[in-house]
Amino acid sequence: MSGIIIDKLNVWFDTPEARVNAVKNVNLRVEKGQSVGLVGESGSGKSTILRALTGLIPTWSGSMEVADEKLGRKRSHRFYKKVQMVFQDPYASLHPRHSVDQVLSETLRLHGFSDIDQRISKLLSDVGLGPAFRFRYPHQLSGGQRQRVAIARALAPEPEILLLDEPTSALDVSVQAEILNLLVDLRLEHGLTYLMVSHDLAVIGHMCEYIAVMQLGEIVEIMPVKEMRELRPTHPYSRHLLESSLGYKSEDNSVQ
Amino acid sequence: MTRLEVENLWVKFPTRNGIFDAVRGVSFSLGEERLGIVGESGSGKSMTGRAILRLIRKPGEVTANHISLDGEDLLQLSEREMRRIRGQRISMIMQDPKFSLNPVMTVGEQMLESYAQQAKGTRQQAKDKVLEMLEAVAIRDPLRVINAYPHELSGGMGQRIMIAMMLIPDPDILIADEPTSALDVSVQTQVLNILDKLVRDRGMGLIFISHDLNLVSAFCDRVLIMYSGRIVEACAADKLHEATHPYTQGLLKSLPRLDAPQERLQVLDRDPAWAKADSVSGIR
Numbered sequence: 001m002s003g004i005i006i007d008k009l010n011v012w013f014d015t016p017e018a019r020v021n022a023v024k025n026v027n028l029r030v031e032k033g034q035s036v037g038l039v040g041e042s043g044s045g046k047s048t049i050l051r052a053l054t055g056l057i058p059t060w061s062g063s064m065e066v067a068d069e070k071l072g073r074k075r076s077h078r079f080y081k082k083v084q085m086v087f088q089d090p091y092a093s094l095h096p097r098h099s100v101d102q103v104l105s106e107t108l109r110l111h112g113f114s115d116i117d118q119r120i121s122k123l124l125s126d127v128g129l130g131p132a133f134r135f136r137y138p139h140q141l142s143g144g145q146r147q148r149v150a151i152a153r154a155l156a157p158e159p160e161i162l163l164l165d166e167p168t169s170a171l172d173v174s175v176q177a178e179i180l181n182l183l184v185d186l187r188l189e190h191g192l193t194y195l196m197v198s199h200d201l202a203v204i205g206h207m208c209e210y211i212a213v214m215q216l217g218e219i220v221e222i223m224p225v226k227e228m229r230e231l232r233p234t235h236p237y238s239r240h241l242l243e244s245s246l247g248y249k250s251e252d253n254s255v256q
Numbered sequence: 001m002t003r004l005e006v007e008n009l010w011v012k013f014p015t016r017n018g019i020f021d022a023v024r025g026v027s028f029s030l031g032e033e034r035l036g037i038v039g040e041s042g043s044g045k046s047m048t049g050r051a052i053l054r055l056i057r058k059p060g061e062v063t064a065n066h067i068s069l070d071g072e073d074l075l076q077l078s079e080r081e082m083r084r085i086r087g088q089r090i091s092m093i094m095q096d097p098k099f100s101l102n103p104v105m106t107v108g109e110q111m112l113e114s115y116a117q118q119a120k121g122t123r124q125q126a127k128d129k130v131l132e133m134l135e136a137v138a139i140r141d142p143l144r145v146i147n148a149y150p151h152e153l154s155g156g157m158g159q160r161i162m163i164a165m166m167l168i169p170d171p172d173i174l175i176a177d178e179p180t181s182a183l184d185v186s187v188q189t190q191v192l193n194i195l196d197k198l199v200r201d202r203g204m205g206l207i208f209i210s211h212d213l214n215l216v217s218a219f220c221d222r223v224l225i226m227y228s229g230r231i232v233e234a235c236a237a238d239k240l241h242e243a244t245h246p247y248t249q250g251l252l253k254s255l256p257r258l259d260a261p262q263e264r265l266q267v268l269d270r271d272p273a274w275a276k277a278d279s280v281s282g283i284r
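Chains A and B are the protein sequences, given in the same order.
Following the UniProt record's numbering, the numbering of the first sequence begins with 1 at its first residue and continues without gaps.
Following the UniProt record's numbering, the numbering of the second sequence begins with 1 at its first residue and continues without gaps.
So that you can see chain A by itself, here it is in the shape it has in the complex:
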């Protein structure tokens, strides 16, 4: 049983002037139950990998396999039941005129569940929201509460794999801690597999067992988080990323 296997993935975008190769020859394996983080600067292709996996980008070559299912041009219904995504900005990813109840019941209905009422209560309590939140609209929720709703929606089809695209970068640090704790708990409870994108090395370090560092569309290094903690990355770009994330150093101080 495998999680995600990506082999020689290339993703490109055609513009009138030229072809932009966003992801180049990427190989990545995520075992079932594992949590793997993708880091790199913006434009390095980390979100593009997630989008290609979910079928949001048609222009790719190579092979992708998710939960023993080879991915083609079209995704099966089974795929969307197994793989769900949580987006970066909870202010943009929830429909402003749908209540929490509508958001969740629509997803449940699409995936053919019948006991929708009970499932909604269960989902809300899973993500730490009381039943009082069920009939609220997104504008009545704080950023952290919205992200909880987005996570509940992702959990609705009972997926095996969650793709997390910077799930906390729009949130305050105190709220970030709550959401990260929730994600850790959910992974244990439901035995989920995570592929998480973030630009924050400390967040990836907290959540994941492996880190893949991306630069200019390529994975330059994959290492266990432990190695990153011990400051042992080998690739110069990983070192650079690690050093910048350890805090600002004035140019003068570095000379001294």
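Don't take each hint at face value.
Derived Cβ-Cβ restraints for the label pairs, each shown as a range [stated by the list, open to error]:
hint, chain 1, residue 1, chain 2, residue 2, range
1, B, D21, A, Y91, 22 to 28 angstroms
2, B, K253, A, N10, 40 to 46 angstroms
3, A, N27, B, A260, 38 to 44 angstroms
4, A, R97, B, E72, 46 to 52 angstroms
5, B, Q190, A, R73, 37 to 43 angstroms
For the chain A half of the interface with chain B, some residues (derived, Cβ under 8 angstroms), not all of them [said to hold, decoys possible]:
hint, residue
6, G128
7, H190
8, S245
Hints listed in this document are in silico derivations from the structure and should not be mistaken for laboratory results.
Backbone N, C-alpha and C define an ideal beta-carbon position, used for all residues, glycine too.
Assemble chain B onto chain A, guided by the hints.
Structure of chain B alone, referenced to chain A:
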């Protein structure tokens, strides 16, 4: 030497449910230094920055004992005199280049406009100054950039252009509202180096508003920590990790750390007493 002093600043907004106080009795001073203001969203840090420039729109209201710049009380000035202060003496870098640059003007036109506000020179002099500033913020191809529209540039470039624009008038004080939160770590370092250099070389005073505690602790000289419109703690930036207020400690502990892995992150327990306590003075 104190350049700017703010005493007992309040920002109020009337709402249907009575008056909402966004900033409540904040006092602090700024010399030729890097002063950080940190806090969560809604803590009043951006409002403090805007209130100094009197950029709070009606029906919002700003009151203070005084906001003095080199001894001159900004609250006593007319709107016309205020325009002489804004940009030229005190500049502000806004958070998001997407919303703060004019989308239908080229970068060059916008920058020339900001130059024309304060200096009378020929068009060629203006253009030279703009190019010089773009180079100062490490933009590699300034000639291409001045003819580009904001949407044709990345967020990091947009951010640096705003910084360049604010630096043209050579201000005494710069208020930077989350200037690096949209940037990658590597570009962030570049931008901070530019700001750092300005403080050291030109003796500028910098107010650095951010929610990133580690960054502020490493970059600034002093830090004010704000919570629900008040300053709950003022300390030296390098001593931030020894901060005593439970709110500051809570924020620090909620951060995941690469060097100290934990099973669970600590969640902040808010004590209603924090919001009631009097504001701590940040005047030095």
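Hint check:
1. At about 25 angstroms, the CB distance of D21(B) to Y91(A) agrees with the hint of 22 to 28 angstroms.
2. Between K253(B) and N10(A) the Cβ separation comes to about 43 angstroms, which falls inside the hinted range of 40 to 46 angstroms.
3. In this structure, N27(A) and A260(B) break the distance hint of 38 to 44 angstroms, their C-beta atoms being roughly 32 angstroms apart.
4. Between R97(A) and E72(B) the beta carbon distance is about 50 angstroms. The supplied range of 46 to 52 angstroms therefore holds.
5. For the pair Q190(B) and R73(A), the beta carbons lie near 41 angstroms from each other, so the given range of 37 to 43 angstroms is met.
6. Violation of the interface hint for G128(A) is found here, the shortest Cβ-Cβ separation to chain B being roughly 11 angstroms, above the 8 angstroms cut-off.
7. Given hint, H190(A) at the interface with chain B, is violated; its Cβ is 18 angstroms from that chain's nearest Cβ, farther than 8 angstroms.
8. Restraint check, S245(A) versus chain B: the minimum CB separation of about 6 angstroms is within 8 angstroms; hint holds.
Hints 3, 6, 7 from the list above are not met by this structure, while the remaining hints are.
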